[in-house]
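Q: Using the sequences and the hints given, assemble the complete structure.
Listed in order, the protein sequences are those of chains A and B. Under UniProt numbering, think of the first position of the first sequence as 1, with each following residue one higher. Under UniProt numbering, think of the first position of the second sequence as 1, with each following residue one higher.
Think of the hints as simulated: they come from the structure by calculation, not from any bench. The reader is advised that the hints may include incorrect statements.
[What the hints assert, rightly or not] Mimicking PhoX-like on lysine-lysine, the simulated pairs with C-alpha atoms at most 20 Å apart in a straight line are:
hint, chain 1, residue 1, chain 2, residue 2
1, A, Lys248, B, Lys47
2, A, Lys220, A, Lys248
3, B, Lys104, B, Lys137
4, A, Lys220, B, Lys93
5, B, Lys47, A, Lys153
[To be verified] Far from chain A, some chain B residues (derived; all Cβ distances over 12 Å):
hint, residue
6, Tyr23
7, Glu31
8, Met163
Small disclaimer: the values here were computed from a predicted structure and weren't measured. Virtual Cβ for every residue (Gly too), placed ideally from N, Cα, C.
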Amino acid sequence: MIEDIELETLINDVYEYYGFDFGSYSKASLKRRVNRIFHLDGFTHFHDFLSKVRTDPEYYKKMVDEITVNVTEMFRDPSFYMVLRKEILPLLGTKPFIRIWHAGCSTGEEVYSMAILLKEAGLLHKSILYATDVNATVLETAKKGIFPLRMIKDYADNYRDSGGQQDFSNFYIANYGFAKFNEDLAEKMVFSQHNLVSDNSFNEFDLILCRNVLIYFDNKLQQRVINLFDDSLAILGFLALGTKETIKYSISTSKYKQIEKEKIWRKIK
Amino acid sequence: MEENKIITGCKVIIIGGSAGSLYALIQILPEIVKVNSFAIVIVVHRKSSDEQTLEDLLTLKSKLEVKPVEDKVPLLPNYIYIAPSNYHLLFEKEETLSLDTSEKINYSRPSIDVSFESAAEVYGSSLIGILLSGSNKDGTLGLQAIQAAGGTVVVQNPLSAEMPFMPNNAILNMTPDFILNVQEILEFILSVNSTEI
Ligand SMILES: C[S@@+](CC[C@H](N)C(=O)[O-])C[C@H]1O[C@@H](n2cnc3c(N)ncnc32)[C@H](O)[C@@H]1O
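A: Shown next, in the form of structure tokens:
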């Protein structure tokens, strides 16, 4: 395993050379990720790795892609999507226009899942889905809406467990080991790069999803991000986090009311 | 094996297991009425659909309080923490737990190696690692890391394990401080920190 001091040096160098601040990422996970890429790429001396990162912007970009964890799935945690479907969308549906932000959307599976829910609820036409991530490579994949066919069986099961009743194959066309999701689902999606560490609020939303992203941040950065979401949420809007994430260390919970057992909070003042 | 070594200064006991380990845990944990100022962290492989079962079972049977694991929850003595399925469980220097959804290791998330290695980094000689029954090689590297950091290593006697492969693999690749059957593991845990020198 690399040393703490080596990790600190890397964090400082990356900040100095590229302006990206990993200083507030959860150290335990970050250290494992850096250690992984260091060994995968065959380095034996940390200073060689450091100088590669400093001098080769392409390599730096690859390293950032590798140390951010991009694992995702469609309808991850079906019970969460069930609550969205049954409780949240009917409330949002009364509005003339629905603005949704997926922060840390990775390769987009979550955004397509949401579009399917909205379409089934007859709300997609009046919705807009902003999907952002710090990693430009995953956004390229997300834009295409093409996911590996081998995952589709699990996704179809998740979809059904979330209360979906259609034949899941209605939503995509299978081709050469890939599933291309229908283009009408993507019509209301806007993808762009946004860094939760340093960028600001860019709109007001009725629903913000940021799932399994805060776990990579320390308490201080979590606080910043939750406050950024607070600034970006309309009154009576909803904030949805991952199943093991919470707002309670970050913001006064009297401003928010939790929905059932899910990690969904409604902004009440 | 140092049969009579009494362990002091322990802050965390971390227990890993896979197939067959639930049986051992259910014999051990309900018998622990009180521990001497350390936290117990459990990392077992299970299906996401069994998510609540272990928590519910232990909450029902155990005298110690089971704290639900959320990201950045403080790790406090005298509580039991159970790694949630589908996340790796990591330890932060600030003595909190954190989670990570990165690739499976040894076909497993949570991986025992990942949690053991991470705990060893933070807790060093104040850590005890216990590896139970299982049919996967997860855990061995983790125990090596615990030992290298000065912690104490206990492996369930493979003869007493429902699935001997996992403890056997550890014994083949390292020298545990103790190799114990289920009843002895219980006695061992009760003895930890009982006599401060
Ligand atoms: C595990 S994925 C979560 C994907 C999806 N939300 C889900 O729950 O399945 C975490 C994502 O957070 C992104 N991320 C990490 N640091 C970020 C930052 N500073 N700003 C925005 N996104 C970030 C990563 O690039 C990655 O795609």
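Q: Run every hint past the structure and note whether it holds.
A: We went through each hint and held it up to the structure:
1. A:Lys248 x B:Lys47: 28 Å, violated
2. A:Lys220 x A:Lys248: 13 Å, holds
3. B:Lys104 x B:Lys137: It holds: about 13 Å lies between the C-alpha atoms, which stays within 20 Å.
4. A:Lys220 x B:Lys93: At roughly 15 Å apart (the allowed maximum being 20 Å), lysine 93 (chain B) and lysine 220 (chain A) satisfy the hint.
5. B:Lys47 x A:Lys153: 17 Å, holds
6. Tyr23: At about 27 Å from chain A, tyrosine 23 (chain B) clears the 12 Å cut-off, so the statement holds.
7. Glu31: 29 Å, holds
8. Met163: Holds, because the least Cβ-Cβ distance between methionine 163 (chain B) and chain A comes to about 27 Å, which exceeds 12 Å.
The structure is inconsistent with hint 1 alone, although it conforms to all the rest.
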